[in-house]
Amino acid sequence: MEEEVAYYEKDFEEYVFDDWKGFFNSEKKVYTRWSPLIEMSVKDLGFEKNNKIYWHARGITAGNIIKAMHKHETADIYENLPSNIILLRATLPSSWNEYRDKTANIFEQKIRGTVKCIPNTTHMLHCDNPEVVAEEIRKNWSCS
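Following the working numbering, the numbering of the sequence shown begins with 104 at its first residue and continues without gaps.
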């Protein structure tokens with residue numbers, strides 16, 4: 104865990120740019136599509152200080168989130184969740200799919216929920232393919 108914490112602390116602190124153009128160009132590399140609306144939302148992920156653009160969260164924040172995830176495993180609450188949950192899962196980068204499959208299988212076994220892979224999407228799948236995400240919400244929304 105300490106290695107993972109150190110990685111994220113360093114990664115967040117070193118994500119610094121000389122201008123917004125550099126920040127946006129870096130962010131564009133991790134999205135499967137780009138639009139003026141996505142650019143507007145991505146701008147919320149950065150802030151300007153002393154003529155530099157920084158990631159919106161500090162490294163210590165990232166490190167504390169990792170520590171909390173190890174202390175309070177999400178799998179520990181699965182039995183308390185309803186079985187009608189649908190998890191929309193990203194597929195990019197494909198190098199992460201083995202881990203994604205492992206965690207999705209745990210989710211399916213413990214909750215008996217449904218996992219749907221959304222092709223060609225990253226962690227920000229609602230930006231990468233908003234139509235599919237919106238359609239899944241429309242089809243499966245429940246007011247109960």
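Since the hints were made in silico from the structure, they are not lab data.
Since this is a predicted model, take the numbers as computed values, not measurements.
Careful: at least some of the hints might be erroneous.
In the DSSO-like style, the derived pairs of lysine-lysine whose C-alpha atoms are separated by at most 30 Å in a straight line are [unchecked claim]: (1) 174 <-> 213; (2) 146 <-> 170; (3) 155 <-> 132; (4) 213 <-> 132; (5) 174 <-> 113; (6) 131 <-> 152; (7) 146 <-> 131; (8) 174 <-> 131; (9) 124 <-> 146; (10) 174 <-> 155; (11) 113 <-> 146; (12) 155 <-> 205; (13) 170 <-> 155; (14) 131 <-> 219; (15) 152 <-> 219; (16) 205 <-> 170; (17) 242 <-> 174; (18) 131 <-> 205; (19) 131 <-> 113; (20) 242 <-> 219; (21) 131 <-> 155; (22) 146 <-> 132; (23) 132 <-> 219; (24) 152 <-> 174; (25) 242 <-> 170; (26) 152 <-> 132; (27) 174 <-> 124; (28) 124 <-> 113; (29) 152 <-> 124.
Checked hints:
1. 174 <-> 213: 19 Å, holds
2. 146 <-> 170: Holds, at about 27 Å.
3. 155 <-> 132: 20 Å, holds
4. 213 <-> 132: 35 Å, violated
5. 174 <-> 113: Cα-Cα ~21 Å, so holds.
6. 131 <-> 152: 22 Å, holds
7. 146 <-> 131: 12 Å, holds
8. 174 <-> 131: Distance of about 33 Å is beyond 30 Å: violated.
9. 124 <-> 146: It holds: about 11 Å lies between the C-alpha atoms, which stays within 30 Å.
10. 174 <-> 155: 34 Å, violated
11. 113 <-> 146: 21 Å, holds
12. 155 <-> 205: 39 Å, violated
13. 170 <-> 155: 29 Å, holds
14. 131 <-> 219: 25 Å, holds
15. 152 <-> 219: 40 Å, violated
16. 205 <-> 170: 21 Å, holds
17. 242 <-> 174: 35 Å, violated
18. 131 <-> 205: 28 Å, holds
19. 131 <-> 113: Given that 30 Å is the threshold and the Cα spacing comes to 21 Å, the pair holds.
20. 242 <-> 219: With Cα atoms ~13 Å apart, residue 242 and residue 219 stay inside 30 Å; holds.
21. 131 <-> 155: 18 Å, holds
22. 146 <-> 132: 15 Å, holds
23. 132 <-> 219: Given that 30 Å is the threshold and the Cα spacing comes to 24 Å, the pair holds.
24. 152 <-> 174: This hinted pair is violated, its Cα atoms lying about 33 Å apart.
25. 242 <-> 170: Violated - the C-alpha atoms of residue 170 and residue 242 are around 36 Å apart, more than 30 Å.
26. 152 <-> 132: Since the Cα atoms of residue 152 and residue 132 sit roughly 23 Å apart, the hinted pair holds (cutoff 30 Å).
27. 174 <-> 124: 38 Å, violated
28. 124 <-> 113: Cα-Cα ~22 Å, so holds.
29. 152 <-> 124: 15 Å, holds
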